[in-house]
Each structure stands twice: as structure tokens, then as C-alpha cells.
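There are 2 protein chains.
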Amino acid sequence: AILAAIAAVFADGPLKGRHVVVTSGPTHEPLDPVRYIANRSSGRQGHAIAGALAALGARVTLVSGPVAIAPPPGVAIVAVETAADMLAAVEAALPADAAVCAAAVADFRPAERVTGKIKKIPGQPPAPIVLALNPDILATLSHHAARPGLVVGFAAETSNVIANAQDKLARKGCDWVVANDVSGDVMGGTENTVHLVTASGVEDWPRLPKAEVAARLAARIADALAK
Amino acid sequence: AILAAIAAVFADGPLKGRHVVVTSGPTHEPLDPVRYIANRSSGRQGHAIAGALAALGARVTLVSGPVAIAPPPGVAIVAVETAADMLAAVEAALPADAAVCAAAVADFRPAERVTGKIKKIPGQPPAPIVLALNPDILATLSHHAARPGLVVGFAAETSNVIANAQDKLARKGCDWVVANDVSGDVMGGTENTVHLVTASGVEDWPRLPKAEVAARLAARIADALAK
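Here the protein sequences line up with chains F and S, keeping their order. Per this note's numbering, residue 21 is the first one in the first sequence, and the count goes up by one each step. Per this note's numbering, residue 21 is the first one in the second sequence, and the count goes up by one each step.
Check each hint, because a few of them may be wrong.
[What the hints assert, rightly or not] Pair by pair, the computed Cβ-Cβ distance ranges are:
| no. | chain 1 | residue 1 | chain 2 | residue 2 | range |
| --- | --- | --- | --- | --- | --- |
| 1 | F | Gln144 | S | His163 | 47 to 57 Å |
| 2 | S | His163 | F | Pro148 | 25 to 35 Å |
| 3 | F | Lys36 | S | Glu111 | 25 to 35 Å |
[As the list claims (entries may be wrong)] Residues from chain S that keep clear of chain F, each with C-beta distances beyond 10 Å, as calculated:
| no. | residue |
| --- | --- |
| 4 | Leu76 |
| 5 | Pro146 |
| 6 | Arg167 |
| 7 | Ile182 |
| 8 | Arg227 |
Since the hints were derived computationally from the structure, they do not count as laboratory data. Predicted model only: the values in this text are computed from it and were never measured. Even for Gly, the Cβ is constructed at its ideal location relative to N, Cα and C.
With the rest of the complex left out, here is chain F (with noise of 0.2 Å):
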């Protein structure tokens, strides 16, 4: 909190008095009180573009499901579990001006969260796991009687990159994508290759280190919020 007040108070830069909220992490989904159901997600691009962020003056809530990794300098860290606690988090971090969904949300949970833990039958394996939808955050955002004015969106691909990308942003109804292609197995990695999808086109950026991709699309952001 001290950290966050100074960063605050010295930040000057081109998004000095902005509010944005960025999610990160994966989200756990319980299944009884010892499993749960996740997604394969450091954190890592999501906590750097809070920090890249916070680094042009930004005042940044970062909602963050589980990681193992330190949350930025100056940034208000909102740590949250599953994708309705996300959700929560985000509509009561409102308003902002914008809106960046790094989080790889688990699209759906166990139907059922059993209160016990599951006892195994020997030699025979439990009923199949009934799955509801989650909460969909970056299309509530994106319809949000609050939208902040830009709302980003990531889609993490393993086929068909742009075009799911674009897909996306049409049915979320968000402003920008980052296309992001898992098929190298980068979930974890320090390095992403992204492709940057908005209503007016699609920019290819180069294999970079996670935190030069935070750098480049906060910027963008300024950018965007500047106009």
C-alpha cells in the first residue's frame, strides 16, 4: 500500500489520473474441498502489463487468481480464486477508463462442489464431472452499464490465431484483442508472440519478452486513452 501511494504520487506520466484494472492468473475452480479445475497460467504477461502500466502514471487494480509470482511495485493487487470471484472483484474495482483482461478465466466449473471430499470407490472411477458455464468477464465488461472506455481482451490459441481472435472480439464485443498462440507451449514462458486485433485491422508484433509486450501495449493504451 506504501509502495502503491508513492508510486501514485511520482508516477508522471501519460497516464497520470487514469484508473485501469487488469486481470491475471488463472482461475481455480473447485471441485470438492481438495481439487479443483485450472488453467495453465503464470501470470506473468498479465502482472507485467499491470506493471507497465503503473509505470505511465496509472493508478492499476490488478485482480490476479492464484500464482506464485510477486505482484508489481505500485500496483493494488485484488487476489481472487474463481472466475465469479473475478468477476466480482472487477465490477466492484469499477469505474475505469480501461479495462485489460490478461486472466485465462476458466470458461466453466464443476456443476457441483461437493462439500466432503470425494471418496473413491476401489477399482472404480468416480461419475464423470458435470461442467456449468462460468461468468463470461470480458464480454459483462464490455455490455457493462459502467464500460470503461477501452476494453482489451487476450485469446490464448492453439490453432487458427487471427481468426478466432477476430471471432472474438466481435462476440465479447471489447475493443482490442491480443492474439496470443499457445501452440509453442508459452503459457509459463518469458517470451509471447502476439498479434494486436482491432475493429481496423491486425498488427503482427515480433517474439518478445513478456514485460517488452507489456511495455508496447501499455503504451498503445495511452495512446488509445489520449485521443
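Starting from the structure of chain F, add chain S where the hints point.
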């Protein structure tokens, strides 16, 4: 490797010359390239036991699922992801004088592992996740041709802690079960309330820091191997 070698040379305790295999942490069972089913386990208890055994002079092979904590000094670590990987690594580490199975191994895995990311059909949850049984590492070790002289299991229970642990002891064919009451959500915490369940009875240990539980268990293992 250097630390391990130094520890092996200098550690002069009751377990000098003994080899102990310890499993620790959760396992991750992939559903597709970005999703998996996991157990809530920090690895703190298993890692502490590995460290305590090394401190008594044992050569320790620590087979660990994905954790966010550092391996204790003086142990050889083998990092694995799934239950199947963990069993293979444990078998590869034999022969051993003792084995402590402290990992929270997933009892089951998705029967099918999807190659591409599962696409969401808008407004509809995906089909239920059909499960398959994982190999039972504790039972396999307890009936192995190269069975360690002492096989210790863990039982994390939310109810009927002792009865379930005694049942596990008989069912798996191991020598001891450390029964762990997780109803108070101690997974990931720094303390543990355990009961040592053996063929000769039940010992209730007080609520102790995990390092203290580890030290007591290591001392008991040294006693048992000395007989």
C-alpha cells in the same frame, strides 16, 4: 547436486547410508493443453519431511509435483506433473530403505486428453469430463518386488480421520499412515494436526508446525530402520 553431495558427505546421523524416497506436492492431470485437474497441496509437509530425513543423514530422493516452494537443501529432486509420471519416478528411484508418500496424488485423471484447446460453444457447457483411475502409488510401492522396508502413507481426511486412515493402512498394505485432519483447511498452511496410525495403534500428535511434524516423523523412521 553439489549441495546434495556435500550434505551426503557431511550429514552424519542415524540415517547415514540409508536411501529414502519422499513424494510431495500435488499432481496435475491435463484435460487439454491449457486445463488440468489439480489437488490443493503446497508441498510444504512433504518437502519438510525430505529435509528432515536429509538432516538425519539419509540420501533422499524427493519426487515432487508442481509446487511454488524451493526444494530443501541436500535432497535430490525429481520434478513430475502427473500421477503416472510420479509413479514412474518413484519406481526409478528404487531400491530404498523407506518411502514416505506425502504427495496429494490425484486419484483420477480425465480419461481423454484433448490435443487442441476445447472450444466453447456459446451458451453451453462442454460435455462432462469422464474420469479414469490413476495408478495407486502407495499400494503399488507396498506390494512392489523392490518394496522398501518401511512404507509410509498420508491420509488427508475431512471426516472420520482415524477410521479412514486405519482403513487405508489395511487397504494399501503400507506400514504407517500419517492421518491429517484437513477439515480446518490446513492445506497450504504452516501447521498440521496428525495422527500416526500403525498396526500397533494410533498416536495422536499435538498441533505442530510442519517442520516439527517432519522432524518427529524422520526420527521415528530412523528408530524403525535401526531395529
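Hint check results:
| no. | hint | verdict |
| --- | --- | --- |
| 1 | F:Gln144 x S:His163: 47 to 57 Å | violated, 20 Å |
| 2 | S:His163 x F:Pro148: 25 to 35 Å | holds, 30 Å |
| 3 | F:Lys36 x S:Glu111: 25 to 35 Å | violated, 60 Å |
| 4 | Leu76 | holds, 30 Å |
| 5 | Pro146 | violated, 6 Å |
| 6 | Arg167 | holds, 20 Å |
| 7 | Ile182 | holds, 15 Å |
| 8 | Arg227 | holds, 19 Å |
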